[in-house]
Each structure stands twice: as C-alpha cells, then as structure tokens.
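Taken in order, these protein sequences are the chains called A and B.
Mapping of the first sequence onto this note's numbering: position 276 corresponds to residue 276, and the numbering continues sequentially without gaps.
Mapping of the second sequence onto this note's numbering: position 34 corresponds to residue 34, and the numbering continues sequentially without gaps.
What the hints contain is simulated information worked out from the structure, not anything from laboratory work.
Quantities reported herein were computed from a predicted structural model and do not represent experimental measurements.
Only true hints are included.
If you only want the chain A side, here are some residues facing chain B, beta carbon under 10 Å, derived:
1. R47
2. G51
3. K73
4. D74
5. R75
6. A78
7. S83
8. Y84
9. S99
10. A147
11. D158
Ideal Cβ placement from N, Cα and C applies to all residues, glycine included.
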Amino acid sequence: MASVAFDSIFKSFGSTKILHGISLDISDGEFMVLVGPSGCGKSTLLRMLAGLEDITAGTIAIDGRVVNDLDSKDRDIAMVFQSYALYPHMTVSENMGFSLRLRKDSVRRIAEGVSRAAKILNLEPYLERYPRELSGGQRQRVAMGRAIVRDPKVFLFDEPLSNLDAKLRVAMRSEIKALHQRLKTTTVYVTHDQIEAMTMADRIAVMNEGRIEQLGEPLDLYDRPANLFVAQFIGSPAMNVFEGVFQEGSVHGLGTRWPCTAKAQAGQSVKYGIRPEHLALHSQGIAGEIEVVEPMGAETEILVKVGGQTFTVMTHGRATVGPGERVFLAPQAAQAHLFDAASGRRI
Amino acid sequence: MRKFSKEAVLVLLAIPILLWTLLPIYHIFLFSISSKDSAFSGALWPDKPTLRNFGTIMREEHFYLHHFWSQIWNSLWIAVAVGVITLAVATCAAFAISRLKVKGGRAVMNLALFTYFIPAAFLAIPMYKAMGMYGLLNNRWSLVLAMVTLAAPYAIWVLKQASDKLPYELDEAAKIDGATPLQLFRLVYLPLMTPSLIAIGTYALLLAWNEYLYAYLLLSHEQTIPLAVALGHFIAADDSPWELLMATGLVYALPPAAIYYVFRRYMVSGLTSGAVKA
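Only chain B is shown next, with the shape it has when bound in the complex (with noise of 0.2 Å):
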C-alpha cells in the first residue's frame, strides 16, 4: 500500500513535468504544420494542417532561408568537428593521467576544469579577440576551436572517472605481455572505453550543435553562420514568419533527437560512469 501511494505521487508529479517539457514542443510542431494566416489562432490543433512549410524551407523559398542547406552544412561540419577534436583531445589527456599517471597530469585537469569558474558569457569578448587576433574571425574553425575549448574540460574529466574505472591489472597484464603505451592504448584502452567515447563525443557534438552566442559572434557572414544563429535572424524582422522559424526549429531538432535516440544507451551509462566509485 505504501509502496503504491509512492508511486503514486510519483507519478502526480511526472505529469505536469511531462506536460511542460512537451508543451513547448508541440507548440512548435503544431506551428510548423499551420498556414502563415491560422498559425496564431490559438487552435489546438489547426483547421488545414499543411506541410507546405517543410517544401518552402527545403527549396530555399523565402529570404531568411536563401542559405539554409549551406547553413545546415555548417552546423552539421561545426559539430562533427567539435565532437572528433574534442574527443582525441580529452582521451588523450585521460589517458595521459588516469593510466600513465603522468606527473602534473591532476593539476592540468583540475586547471581545465576551474575555467568553468568563469562563465562562457566572460569568455566571449577575449574568444572573439583571440580568434580576430589570428585571423580567424568568420572562419568555421574560430567557433570550432571555441567550443573545444569549452567542451574539453569536462570531457576530460569524465573520461578521466571513466577510465579510472578499469581495473589497472590490465594495464599491468598488457604490459607484461609486452605492449607498449600507444599498444596499449590503442589495442586496450580504447575498446574498452567505447560507451564513455560515444557520450563524450555525443555530448560535445550537441553543444557545439546548439551553441548560439559563440556562433552570433565569431560568425557574421551568411554564408559562414550555422543554422541555430540563421535561426535567430527570423525574429529580427517585424513580420515574422513564425511558421518557418518554427518548422526549421523542428528540422534543426531532428539530428540531435536521432543521435541521442541511437547513444541513449551510452549516454546514460557513458556520462554516469564514475561519478560514484563502484
């Protein structure tokens, strides 16, 4: 009886959450399929639902969508980008002082994590003038190099909890049977670490993916600009097309949906793993 009373307030709870979280999305879904007239007739579900929507964003038909699949290019190259360099960077460093115990390896890591001290926003104005100092401002690889740099602190830190998880027999075996430190781990470490790589690598792919103010500042040009800041440049006009905004949204919301979909299994497991000892 007690144990269903708990339940049940558990679950009294979950649904206005659950309604909050989805609220807004269906809000989205619900303008993206209306026509430009009936998109604020406050209908819960519109009269003609259309997916005219989706054909205009697709065939590039109205002025704030002139660059939306060189646009979408860029979000996509950005975080992949973001993902891969982060990564190598982070397993690297994990690696480097989780197994091979490398002096000084902990203070480097807690010092990467102390910049988290700092927030994104202060850090804005210097990465702006650090990126205009080489000569990469309106360059993907400015905001690329940004976002590792935010990215990576916690990246390492994760692996690193990760990989001080593995029992370090094996390090000892593998030595003994004659592996050198790259063998190692190459042939070792790395298989062993997959579910931690995919959820780090997935996770600084979606923050570069979703990064917004990074983007509007070291990107300018049509061209350059990833979707998300595109996407802002909707409301810049008086006469919105909510519809469209709302409907590329929605595209924009499809990769990072399906990749989570495909690595949740990892992500829970990846980003949980040693944050308690075991």
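The shape of chain A in the complex, shown without the other chains (with noise of 0.2 Å):
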C-alpha cells in the first residue's frame, strides 16, 4: 500500500496540452475514482502514472519516491485494462503468473501466488483455460487476478469496465469494490460513467478538459457541487438548470418564480439547478404540460415542459399522469443550487 501524489502535471502531444497542472493526493489505502467526460484527460494521467506516458512537467511520487523516470516494471503498480490485454496465447494461469515468471520467482511461489488470486476471484476453475474460452466477466476478473498476484502498491484500473453489459457491470462494480475492501490497496479508478464512480469512491476528482473541475467524497460532490459543469455530469437523471434572475428568496425564469433558501444579490443573473428528484408534482405551483412519462419501475421519471423548457422529474412509485396533461411542479427551496451565470461557480 502506498499514496500518490501528483503535483502539477503538465501533458502535452506536440503543441495540444491535454492536462493544464493537475495536483492531486491520493492517500494510502483510498479508492480515488476519475471521472470525466472523454477527452478530458484522465487517462492520460492515469497512464503517467502506470509509466506509459510520459510527464511534459511536474512530478509524480508513489510512497513519497518521485517516479516520473522510472520503468513501469519499478514502480510496484499493477493495471487492468478496458480491453483485459490478457496474453490470448495463455491460459489463465500462466497470465495470472506472467508478472512472477519475469520477476524469475520459483514455480512454487508462482503457483502460490497465482492460486492466492483465484481463490479471492473464485477463478479456481478456469485456470486452464485460455482466454478465449472465457466469458467477458471472467476475462476481467483474470486481468485483475493478474494485478491482484504481484501484490502491488497501487492498483491502477482505466475503464475497466465498459466493455461488460450493463447487469455484468453491475455485478462487477461491486467485485470491484468488495475487493478494494479486502485487499485495502491503493486504487486508483478511470472512468467516464458518473454511478460507476459515486458507487465505488471513497473520494472522486471529476476532470474537464485537463483539469480538475472538484475533489471529494461522491455526497458532497452530489449535494454541494463546485460549479455547473460538476451538478450537471455527476447526478443521473442530470440536474435541470435554467438561467434566471435572483430576487428575495426566489429566482424570476421562464416567466414564473422558482424557490430557494440559497442567497444571491438582488438582480444578480444566476443559473438555477434543481435535481430531478427534489421536484415533486403538486396541485399547485409552478404550472407545466407533460411531454413524456417512462416508468421504471420503482421510479417514475416524468419530463415536463415549463416556459420552454424541458423539466426532469422522478417521483417514487407508479405515475398517476400521462403526456399533455397540465400539472404543478413543486421545487424543494432548500436543496435549490444556484450558480453564477458567468462563471458558473457555485454561490
């Protein structure tokens, strides 16, 4: 186990900069998670971090040691790829066991190491098969019993994944994190899938275009977001936002007044966010038409169009409504999110 710390990192391919000094502690033992939409630079950091690329400026240390001249071999990392790059000429054991044969490990410790792994991803059974004979789950789960056998210092996964269907990543996800639990090794996670991120963090640096855009446990991101483009990509359904004017206790937009408790000055052009969730159908209040009901099950998200623009709204159970009918939106004041409408920075 170990902690990283990047201290401003600059990236650059020819004369595009990709990452603009991003510093950023990762402390023994945490599961920090890397989210941003594509583009925005965070695997680019992850893979100078795995050695794979290298750093234009600033300086990356594992455990306190700057490593940005160090081979990837040296660093103590291990990473799981989008793609598994499992050696497809393998069975599951030699990949497992690949890392030790280098390291010229005996065949007894090879064999050790490798079964350690297969016990903790219950890949016992499939030792010698190849890859190819292997579901997409389990192939993911030998690329991480491939990390899991050298007992690195860092864990390093970019998208693992992505290529799994959505209930296998599920099912994953939370592998994934039982094994985080367990092993308790540094990790740290690249994707652009905002629940992935929220459900497995410990804390969470959502990325744009080569910066960090905010820092912090997966609730606070969700309850005190920084800035616009943050309470817009962490959140699903995405916050509604519409530009207004602050008045005493309320915003004026799309011609009708909306709550908050938040504070602005008087007349100051704000942006109003309101989660999907924090909006309820009323018998009075803010008046809007249905455009489209889809039932969920549990939930019910309904999409309401207000002055203009189209409102998300999930209600819990089944939708008594249906599409064209008129109806009232109620906006809990208190967990309105009001932010500058020049900057976007939270006010």
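Hints in hand, dock the two standalone chains.
Okay, here's the thing in structure tokens:
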C-alpha cells in the first residue's frame, strides 16, 4: 500500500495541451476515482502514473518517491485495462503468473501466488482455460487476478467495465469494491460513468478539459457541486438548470418564480439548478405540461415542459398522469443550487 | 433463383480456369509415366504407363541427372536458409517498426518496398557484380543472400501489417508486468505472430525454391546449382529427354506442394492479415 501524489502535472502532445497542472494527493489505501467526459485527460493521467506516458512537467510520487524516470516495472503498480489485455496464447494461470515468472520467482511461489489470487476471485475452475474460452466478466476477473498476484502498492483501473454489458457491469462493480475493501490497496480508477464513480469511490476527482473541476467524497459532490459542470455531470438523470434573476428568496425565470434558500445579490443573473428528485408534482405551484412519462418500476421519470424548457421530475412509485396533462411543479427550495451565470461557480 | 444463377455463372467460369490450370500438370504427369517412345504419341493416357523414369532419376542414371541428389539438396539448403534468414530479418524489423516504434522505422520500410519498383531482372547484373566482388560466386550463400534481399521487403511489410493488428495494450500489460523488450518479443510477440511467421517463412522458402534467373547467374558448377537450373540444362540438347525432364519436374514440384498443403491454413490467413484494417 502506498500514497500517490501528483504535483502540477502538465501533459502536451505536440502543441496540444492535454493536462494543465493537475495536483492531487491520494492517501494510502484510498479508492480514488477519476471521472470525466471523453478527452478530459483522465486516462492520460493514469497512464502517466503507470509509466506508459511521458510527463511533460510536474512530478508523480508513489509513497513519497518520485517515479517520473522509473520504468513501469519498477513502480510497483498493477494495471487493469479496458480491453483486459490478456495474453491470448497463455492459460488463465499463465496469464496471472506472468509477472512472477518475469521476476524469476520459483515455480512453487508462482503457483502459490496464482492460487491465492484465483481463490479471491473464484477463478479456480478456469485456471487451465485460455482467455478465448472465458466470458467477458471472467476475463475481467483474470485481468484483476493478474494485478492481485503481484501484490502491488497501487492498483490502476482504466475503464475496466466499459466492455461489459449493463448487468455484468453492476456485478463487477461490487466485486471490485469488495476486493478493495478486502485488500485495502491504494486504487486509482478511471471511468466516464458517473454512477460507477459514485458507487465505488472513497473520493472522486471530476475532470474536464485537463483540469480537476472538483475533488471530494461522492455525496459531497452530489449535494454541493462546486460549479455547473460538476452539477450536471454528477447525478443521473442530470440536474435541471435554467438561467434567471435572483430576487429575495427566489429566482425569476421561465416566466415564473422558483423558490430557493440559497442567497445571491438582488438582481444578479444566476443559473438555478434543481435535481429531478427535488421536484415534485403538486396540486399547486409552477404550471407545466407533461411531455413524456417513463416508468422504470420503482421510480417514474416524468418530462415536464415549463416556459419552453423541459424539466426532469423523478417520483417514487407509479405515475397517475399522462402526456399532455397540465401539472404543477413544487421545487424543494432548500435543495435548489445557485450558480453564477457568467462563471458557472456555485454561489 | 438469382443466387442459383449467380452460382451457375461462377461454376461455368471456374471450369475452364480449372482445366487451364490442371492441363499442364496433367501433361507433365503424362510425360513422366510415359516411355521415351510413347511420350509424344498424343494419347490422353499412355499404352504402357511406367514408373521407370522415376527409377532412372533416383539412381542418377542419365547424363543430366548425374548430380540429381546433390542438386535437390542444394535447392533444399538454399530454400531453407532463405526462409530462415528472411524470417529472422523481417520479424526483427517488423517488431522494431510496429511495436517498439523506432524512429525512422516507417521510412526504412518504405525504402525497402521501393526496391520493388526496380524489376528483379535489372538487379541481376549488379547483384552478380557485387557477389563477384565478395568472392561469393559459385557459393550457395550468394544465392541465399540475393534471395533474402528480394524476399525481405515484402516479408517486412506483411509482418508489420500483421503486428499492427496485435492490440498495443498487450505490450503495455507486459511492460507493467516487468517484461524487457526482448522478453516481450520472445514471450508475447513471437507466439502471437506464429501464423504470419509460418506464412512468410513458407513464402520466402518457396520463392527461393522456384528461383531460376539468379540461381542460373550466380551458380554455375554442376555440384552447386539447384535443381531448377539443372532442369534448364535438359533442353540444351537437340535430343532432350522430355520424359525425364517432366518426371524430375514432378519430383521437384512435390516438396512445395506438400509444404503448401501442410501450411495452407496459415498461408491464407497469414498473408492476408493486415491487408484490410479490421
């Protein structure tokens, strides 16, 4: 186990700047998730930590030791790739024991290491199979097994669940989380899926265009997003946002008044954000018209049009309304978020 | 109905093409089982088919066949050497260009391919001169080196294309697992490239086995020439023993046919891999 420290990391490919001075400290044993849209630089940052990309400027330290000039193999890390990257000509057991074989460990130690990892991941029945004979989930487990066998200081995961179907993804999510709780190895996990980030992370770094927009615990990010980008990126369905003008205790926008307890300067142009579960259908309030009703079983997602903008409302249970009906929205004033209209920063 | 008519057209086209291909082979076979007198009878099947020609060859009982065994050994030696050396050169080059991404690798590959703009026949005389300067004329190595020069660019190109298709994550995973470039080459790259390596090795081997022009130029002693050149000597005289020429030709065609048959699976997949981006 070890801590990881990124200090003012810059990365450029030619004249294209990818990362603009990332600083991030990851504690010993922490599960850190880097999340952000495609092209935000999260995978590049992970690959730099893995030693697969050069660092343009800044330092990366593992356990206090700067690793900028160290080869991947000398960093004591293990990585799980999106495409699994299993050696197709080797059996599961050979795949898992490959790093130990390269380290010239004895046959007995390799067998012990493989057997220990196989036991943790329930891979014992598959040890003599080839990757092509395994399902996607089993392959991903082998990739994780290969990482565990090395007993590294830091685990790196690069979108490991993206190639799996939705059901398997949920199952593997829990497995990875359980694995971390068992091994307590420092983990850096990259994903573009904010649900993965929310469910797995001790802390999340939300990245956008080569910068960290916000760093914090999952629910902190959800409850108090630092800016509009984080507000709209974290949470599914996304937060409803529109522009209005703050007046004593409410925001005037879309031809009506929206209550809020947060305060801005009177007359200030703001963005009003409200999460779908903090909007309810009521007998009175803000008038709108239902566009679509999406029943999901336990919950129902209702799209309501107010003043030309569509709002998502999430209600528990079944909906008794249908498209075209006129309804009233009641926002929970204490749950409304205000952002500066110009900068997008939280007020 | 449309599918049926399409297949019928294809079959109708295939039949004459197949006959066109098989006819010369049948002709060779016919000659080789005919006696000298009946070889030119024009019959579709000889009155008295015989295997005597093959016995004559095996026992080297004819003026043109006095060195049959040493000549076929030369052919084999040269072909195997060309196959092995081409494979070694091209595999290392493809690995360096495609996986290690060495600077200037692509330029080297393109330059090598550029040599195909010059017909091999044009290069024959400079090659002869060069081998002469190195004192290699009449040495089997001269032909081996010349053939490797001709086979390597294509071999590098095919292997480079095939290497490009291997996921780069495998290299990265091996790197993180602690593999040096040499270990990556030996333990990951070579096993995964096996089908392409067999295809290219076979290609180079057959190229050398079938070579005539360079062999004719660079080697001239009866003891050093391969069988392909020796076959050419058969028709030097007015009274050529055609039945023996054809029988020897048939024997000469058997090893490549056998090699092709054994490795046919790899030949198709290996030579076309990388031709189209998956």
